[in-house]
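2 protein chains.
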Amino acid sequence: MLVGDLPTPALVVDAVALEHNLATMATALPAARLRPHVKAHKCTELARRQLARGHHGFCCATPRELIGLARAGLTDDLLLANESVDPQRLRAMADLDARVTLAVDSEETVHAAARAGLREVLVDVDVGLPRCGCPPDEAGRIADAARAAGLEVRGVMGYEGHVVGLADRAQRIEQTEASMAMLLAAHEDVGGDVVSGGGTGTFDINTWATEIQAGSYALMDTAYAELGLPFRRAVHVVATVVSVSGNRAIADCGLKALGMDHGNPAIDGAAVWFCSDEHITFSRDGTPEGPVNVGDRVLVWPAHVDPTVAYHERMHLSTGASPDAEVIDTWPIDLRSW
Amino acid sequence: MLVGDLPTPALVVDAVALEHNLATMATALPAARLRPHVKAHKCTELARRQLARGHHGFCCATPRELIGLARAGLTDDLLLANESVDPQRLRAMADLDARVTLAVDSEETVHAAARAGLREVLVDVDVGLPRCGCPPDEAGRIADAARAAGLEVRGVMGYEGHVVGLADRAQRIEQTEASMAMLLAAHEDVGGDVVSGGGTGTFDINTWATEIQAGSYALMDTAYAELGLPFRRAVHVVATVVSVSGNRAIADCGLKALGMDHGNPAIDGAAVWFCSDEHITFSRDGTPEGPVNVGDRVLVWPAHVDPTVAYHERMHLSTGASPDAEVIDTWPIDLRSW
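Chain order of the listed sequences is A and B. Its first residue numbered 283, the first sequence is counted upward by one per residue in this note's numbering. Its first residue numbered 283, the second sequence is counted upward by one per residue in this note's numbering.
Hints were generated in silico from the structure; no laboratory data involved. Source: prediction; values computed, not measured. Keep in mind that a hint or two might mislead.
Stretch by stretch, here's where chain B covers chain A in the computed footprint (C-beta under 8 Å, at least three residues) [stated by the list, open to error]:
id, region
1, 286-300
2, 367-379
3, 517-526
4, 541-555
5, 559-567
6, 576-587
No residue lacks a Cβ here, since even glycine has one placed at the ideal position from N, Cα and C.
Hey, can you work out the whole structure from these sequences and the hints?
Here it is as structure tokens:
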């Protein structure tokens, strides 16, 4: 089957670009130097490809991601890089036949983990992104509380999420160093072997963390594509033009097929006007192939990969980024929801 | 079970507000004067409540919505208010034991409908929103082409989507009248009984259309809530606070639980800082109940209902908008995807 024969909108992954991205990352950060973040693809089959490239530990944002990977046999070293005080979900993770580590950043999250029977934690430290994580100077106290509750403290985690998307590489370097100085100071107080941090935008900058939590590198998006990273855009939504009028065309890829927090997606050679629930309106002229017609397929490149993938039931693997490429596999996006 | 006992993030609908909205609309636009748009909720059970209020015709944006309603027995009058040239999906709709009407706006969409065995169409007319729809002066030609292809032309459709969200009611009135003048001119050339248009923001303004395609009125969102309509905010995401630090708190409701194209959601009494994949960061102080703590539940009000609902597997019905309300029912959001 060709990509152009898929019912649309269809989430398609250029397998050539994906393999390039997986290989490039595995060379740069081999084995346990990378802890792939599955939140960016929510796909067990893709995680298997990352495992095949030598990465045995995974990073998850939700219990469902972690439990799904464990049940699929990817049990070596699963980190929920997120706080939870949900007794049932914590217990479900504790009951897995897998090595499970949880992020904690407060007495409440420590005690919830211990009560549920979880055994290992990382202390999550605020390194500048105003999200989860304790202040660096409280990390030692949280670690003590965890050990007092019977938990093994493997080390620290701190995500420089406010840095990974900075356009200027010099700024990314400077601010990563500043963030990691905070994390290493916390690590002094916490102990353990693990210093977990980083993302796709800092994968080759963050040399302070012992492991990098990158996820977007596999599929990429237009926001990360602007940073000059060695990863190629792999994921796109294939849409069908259903209407043309004057200089505009409308295809069947809208707000329910795209994460929109980073703004509009892109269509190569065309200006995207706006998206609505089930449509994208774009300029009909100026595309590389000239004017488009009803029935044509167009490739829509999402601005933010994670919330885009989370809308789709499956991803199709193709031999290239084109309606004429062949569909060579279809993977369920099986780790969606919570 | 209480709302506060649900695993989070959970999509919750205040059943009191929902019933108010359904009743208010059924009084304003009884029976066939309203063709509820199911794209706003994608939930067969909610459509049944709209049917119980007397609305027998439904409006759909995707084949899956339409096919789902038909298979659930809501077969009286189903409109796909969208263009399609997908032969398999068109045939699947044609094969239903239901009255199915399709929007067409070009020769290509006319012929795709006829080839698939569909019997009835509306001519979709551009009334100012740069999306689907033919220019008004081409509507007669499209209708002729449809009749020549053996299709019954029921009338016209034109959505004033560029008007429904205007803050100023006088502007909404003026621009709705202008849009509907274009639609009525096209109707002159097309014929048929149906003039379909309108939305939640113009439900009581658009007196030119024979039927109004409102959908958001049932669940509402913060964007529509600003228009002073007689509908109450019903849908919200209940989240758990998983981290607090200084004056900020973080709850487990992020980009994968919220449509973000209308901007950040709201938390009553708090300032929302930003959302990331699985989190919302907001000011800890200034909430009606005072500072929040880890484990507290908060209600997150989405800015745009349609792409929010499309992320969730189910909606829980509650006796009110509060963690202390009771969960009285759970409905699958069964009409998601395409």
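To see whether the hints hold, each was checked on the structure:
Residues of the region 286-300 of chain A with a Cβ under 8 Å from some Cβ of chain B number 3, which satisfies the need for three, so the listed coverage holds. Counting residues of the region 367-379 of chain A whose CB lies closer than 8 Å to any CB of chain B gives 4, which reaches the minimum of 3, so the coverage claim holds. Check on the region 517-526 of chain A: 4 of its residues sit with their Cβ under 8 Å from a Cβ of chain B, so the three-residue criterion for coverage holds. Coverage of the region 541-555 of chain A by chain B holds in this model, with 4 residues showing a Cβ closer than 8 Å to a Cβ of that chain against a need of three.
Using a Cβ-Cβ cut-off of 8 Å, 4 residues of the region 559-567 of chain A lie near chain B, which meets the minimum of three, so the contact claim holds. Residue count for the region 576-587 of chain A with a Cβ under 8 Å from a Cβ of chain B: 3. That meets the three needed, and the coverage hint holds.
The structure fails none of the hints (numbered hints given earlier).
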